[in-house]
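Enquirer: Read off the chains here:
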Amino acid sequence: MNGEPQEVLKTTYREAVREAIRDAMRRDERVFLMGEDVGRYGGCFAVSKGLLEEFGPERIRDTPLSESTFVGAGIGAALGGMRPIVEIMTVNFSLLAADQILNTAATYLHMSGGLFNVPLVIRMATGGGKQLAAQHSHSLEGWFAHIPGIKVLTPATLEDARGMLWTALEDPDPVLIFENSTLYNMEGELPVDAGAVDINHARVCRQGNDITIITYGASLFKVLDAADILEKNGICAEVIDLRTLRPLDDATYLSSVAKTHRALIVDEGWRSGSISAEISARIMEGAFYELDCPVERICSAEVPMPYAKHLEQAALPQTETIVTTVKRMVGTNG
Amino acid sequence: MNGEPQEVLKTTYREAVREAIRDAMRRDERVFLMGEDVGRYGGCFAVSKGLLEEFGPERIRDTPLSESTFVGAGIGAALGGMRPIVEIMTVNFSLLAADQILNTAATYLHMSGGLFNVPLVIRMATGGGKQLAAQHSHSLEGWFAHIPGIKVLTPATLEDARGMLWTALEDPDPVLIFENSTLYNMEGELPVDAGAVDINHARVCRQGNDITIITYGASLFKVLDAADILEKNGICAEVIDLRTLRPLDDATYLSSVAKTHRALIVDEGWRSGSISAEISARIMEGAFYELDCPVERICSAEVPMPYAKHLEQAALPQTETIVTTVKRMVGTNG
Amino acid sequence: MSEGKIIQKGVHGVDCEHALCLLYQMMFIRRFEDKSAELYSAMKIRGFLHLYNGEEAVAVGAMQALTPEDAIVATYREHGQALARGISAGAIMAEMYGKQEGCSRGRGGSMHLFDAKTRFYGGNAIVGCGLPVAVGLALADKMQGKKSVTCCLFGDGAVAEGEFHESLNLAALWNLPVLFFCENNLYAMGTALKYSQSVTDLSKKVESYDVASSSVDGMDVLAVEAAVKKAVEFVRSGKGPYFLEFRTYRFRAHSMFDPQLYRTKEEVEEWKKRDPIDTFIHRLKDQGLINDTDIKELEEKAEAEINEAVVFAEAGTWEPVEDLTRFVYSERREV
Amino acid sequence: MSEGKIIQKGVHGVDCEHALCLLYQMMFIRRFEDKSAELYSAMKIRGFLHLYNGEEAVAVGAMQALTPEDAIVATYREHGQALARGISAGAIMAEMYGKQEGCSRGRGGSMHLFDAKTRFYGGNAIVGCGLPVAVGLALADKMQGKKSVTCCLFGDGAVAEGEFHESLNLAALWNLPVLFFCENNLYAMGTALKYSQSVTDLSKKVESYDVASSSVDGMDVLAVEAAVKKAVEFVRSGKGPYFLEFRTYRFRAHSMFDPQLYRTKEEVEEWKKRDPIDTFIHRLKDQGLINDTDIKELEEKAEAEINEAVVFAEAGTWEPVEDLTRFVYSERREV
Ligand SMILES: Cc1ncc(C[n+]2csc(CCOP(=O)(O)OP(=O)(O)O)c2C)c(N)n1
Ligand SMILES: Cc1ncc(C[n+]2csc(CCOP(=O)(O)OP(=O)(O)O)c2C)c(N)n1
Ligand SMILES: [Mg+2]
Ligand SMILES: [Mg+2]
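Chains as they are written, first to last, in this note's numbering: chain P, 1 to 334; chain Y, 1 to 334; chain Z, 1 to 335; chain C, 1 to 335.
These are computed hints drawn from the structure, not numbers from a lab. Just so you know, even glycine gets a beta-carbon here, dropped at the ideal spot from N, CA and C. Worth double-checking, as some hints may not be accurate.
Said to hold, decoys possible - Covered stretches of chain Y (chain P as the covering partner; in silico rule of three or more C-beta atoms under 8 Å from a C-beta of chain P): (1) 85–99; (2) 128–139; (3) 189–203; (4) 293–305; (5) 315–329.
As the list claims (entries may be wrong) - If we take Cβ atoms under 7 Å as the criterion, some of the chain P residues that face chain Z in the derived model are: (6) Asp37; (7) Asp62; (8) Thr182; (9) Tyr184; (10) Gly208; (11) Gly234; (12) Ala301.
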């Protein structure tokens, strides 16, 4: 890159995802979008607004409420040479398609001894924070990351919202993309020529020496806020956006921990059996002797999400808790 | 208990589960069993053989292949005052009912603000080792343990196969019981008056000072075999059967680690995001300063289960690996 | 209203008192929904809010034939269903405020109204998930020798879900006392029925399970009531499940986030001519059973009651944050 | 067989060569299954083994009308389906041995036979899971302007699954070229159809999606062939999906672990009178198209071929354990 300023555009996370879909549809006629209300309604989060008009009902397909079948049909279409993007409105409804995801999409390549791969992309909105209560607020991306055979992406930034889809579509295997619904309105700038991004590496979003804070998705911004506050308190946190939850990029966070000797994981999923447990276990296995104090986790409380705002906010990881926890941890000597 | 020898009976794990069901059906007329082929076929693992003849088709209900609906109907029946035992043939098919388990059974009490609890028991066979390949060999009990609102039991012994069901039926909330299908033929003895067992505590199956090996389900026996071999090598392992994966009994394994200063977790689930990651993370959080070396995990390889026997066996945790790993770990000084 | 009218027999032989009661309930629901929308804009209510305007006749008509022992499994568009079943407006409003005086302690919100006394099992927000639960409730009642029926409400969108098929089959196979009540408002969010069903005549599907069914004008509260009475009798007498399709229409957006790109204003206006409240008033007036003063009285009564509900909700208290993880597991053991 | 016979026209105008080819395929499958059972007892084959005895006419008849461009989604009882589609007996046998020369490299086993050349997409062991996949394959073919059809095989048990309902609806709604082939052998494991369906006439269900359908005697290979030909023509001409019910019967146990408590020996014997191979031989003999020597020849040929397959499997090699985690993700990137 030379020194000239890159041309940038103001945009939102929502528009970045939409632009990614549009771009994919234009580039590759095998790509199509299918899901509930992606067409005539314009997408339940307005992500696909306008795409029906641009690409027509053959390529922007409204489906009936049949999650298992339209996900399975996505698998079939992928096997048949297309590059489907299946939208499950929110992760909460993905449970109806759990069988197709785990038992079919994730196993096809293996059980056919390598004959049939499934180049399918499934997008879904995820996360709490909008007072949608117990059946509409799950953060199950870490849970899905348990499954071998699929990849799990969690774009937090505009760059990733814009760029991960294309990389996912180039992937020969099933990729799940989780868009945290609280991010859709996030504004920012993107280079006009923004395009595909790498999905194999975590990203160090902020350099620091005192502690490594590992996170992903919407929590990234709480962590960055916390890091700002901590800086004012003389604590310099290194912040890592995992970006991809499966496969995990161990090297990035392990080498950070080798530098900072402390690690905190912030994760909107329920604590027990979360992806943050996995990362803690891997730090245990890969950087135990580097640690000055135990790795800690800040996760969502282990409760189906309550509706009342004060309870919901208490259930989710918060900047303040991150700040206090880090202060305590950095105060600790191993 | 006095010194008199207890009267015992020879039995198998299968018979112990059957006896537990029979006992429950006799004691409480609200109890009934429902699932695929539990009646006329006699249960796909012959667990419920003879029960249809004894209790009739009203209480031993063969269902159509409709996992989501018969699990949901179990929830409804529990809400309606019955004490259903729903059998999902194997955990592999439970994915079709994942929505009812996570979004309904686990949330009802909470989203109704405590009004409606769901006293439902779901039993399923789990595990690999029988060359059933990629769609029939999952060990998802640890994965289900991520979900708040349910309890997860994994009986490994005859006592627990016999006793956990009754305790589960007395529980006001949904309980999932995972029976490892390789155990059904296991023989042993049970007191004639064997009955309900506690489900809140892990069990120290073998005392030792050199290392704590934490496991559950069918792996318990591989671990016990390994402990025997290790003993001959002068290494004395403490073996813990978790018994219940949600909620985890932290006290038992943490106090053991405080004694042995080393811990290994053996778990038939896939490694990433497994229950063993959670335990490792909790040891990190609760006993870091007690550790002489990093906690390690032996899990299944992250691969949909291959059919070929040598590959399947290579994918599963094995006694030999446990022995080598422990030897290496005990050789390590922190 | 004047004493005399109450004992008069009116429309279809329904007595006037009853007709007014139906009318009042519908008006009440309408006003309650409008108030909810206002309070949403005022940020007092949050989350998803799905209003029932236009569909009032369904819930009001349907609940008439049920006894307190019967069970109800409702959807996320269930304010009207809950009110018609007799859950207090205050408890519902407080719920939407997130107060612990709410019918679900503020844990549920608009989509999760619950009530034990009236056997109101939610407020369920996963489309179709209530169908199997209703089958199970009916099974429990039947196994216990009770004469109760379970009424399961769901939308036209739910018909596409696999659980619809599984639940109708199981209820029919086991001859269970379930009332399947489909509120066919022609849209599932922005997806018109014709884009989600290869056959839009839903009774065809139901036949294939050997479940008795009929379709009813869901904009006519008396037609709904009559149809439900028959269906309840059928089910209660042990003849197995019954399916009723209520042809209705949602006047407002799907939820508070819906630009309604998928239908025309004209279509909505056309349906509004069949407004279940206006048309019912018209009929009652035609028969000389009520006059404008009566209506005004009813409106004022509803307004007052709803204001009380709002006052109740406003005065409600927040559950302490320390209690966050309560109600994940029960606090007592069963026996 | 003597030259002359081959060109003779026989039963229903089917030429003799073709009839013999059908017969041979059925005999081959039968012998293959018996051999598999033997090898299971000899512990050469492990896992679940679901045999096709009694149902041979379905697969053999069905595959006749398909072209190599058509796709097939099969079940876990699919040896016969795979053989009839043209996957080599050696590759299947080696698969069941767990050898890397198997059609799925020994990773799949009996329940997961795959073949790219013949577009044979498994071997799927979750009941019903192939239905949506078939819908998607048909969608892909249609969107790419291909004239292919996708044939989805499933059992009567699968009809109860929600995915059946969802998939029939979607295929009909989108007018997709799917052949839904239901092998109705009256049982799902030990559950007779009448215990799993409120309406056992499956064509009733299919009507409710506006999907064309017919029921065929699955014990008559010529009837199957004729019905499938018509169905394929219908689907290939763009008229949408087609549902065929094959009425058949499984002569053996569900799998190798099945005491068959749920049916009587008499029932099995009754059905065996309709053995698709015996009855076909009988007809061919009646018409003087073959004699005992011919049959013996065919039997010996099958025996020899199957022995070769076993030799091939025995000689196969084990995939190195070091390769355990291959085929979890693809080894190349797509373009
Ligand atoms: C399983 C599932 N999929 C998707 C959604 C998102 N969603 C909420 S309401 C709705 C439309 C349902 O339409 P219908 O059943 O007709 O009920 P209506 O809203 O018209 O009353 C959808 C798609 C959901 N809640 N659950
Ligand atoms: C979803 C699911 N539930 C249960 C099973 C276990 N199971 C395997 S085969 C079978 C019976 C299926 O019967 P049917 O569809 O009629 O096929 P058939 O075996 O008769 O060929 C069952 C219940 C399964 N494999 N998948
Ligand atoms: Mg609707
Ligand atoms: Mg069958």
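Enquirer: Look at each hint and say if it fits the structure.
Expert: Hints versus structure:
| no. | hint | in the structure |
| --- | --- | --- |
| 1 | 85–99 | holds (count 6) |
| 2 | 128–139 | holds (count 4) |
| 3 | 189–203 | violated (count 0) |
| 4 | 293–305 | holds (count 8) |
| 5 | 315–329 | violated (count 0) |
| 6 | Asp37 | holds (5 Å) |
| 7 | Asp62 | holds (5 Å) |
| 8 | Thr182 | violated (13 Å) |
| 9 | Tyr184 | violated (11 Å) |
| 10 | Gly208 | violated (31 Å) |
| 11 | Gly234 | violated (30 Å) |
| 12 | Ala301 | holds (6 Å) |
In the structure shown, a violation is registered for the earlier hints numbered 3, 5, 8, 9, 10, 11, in ascending order.
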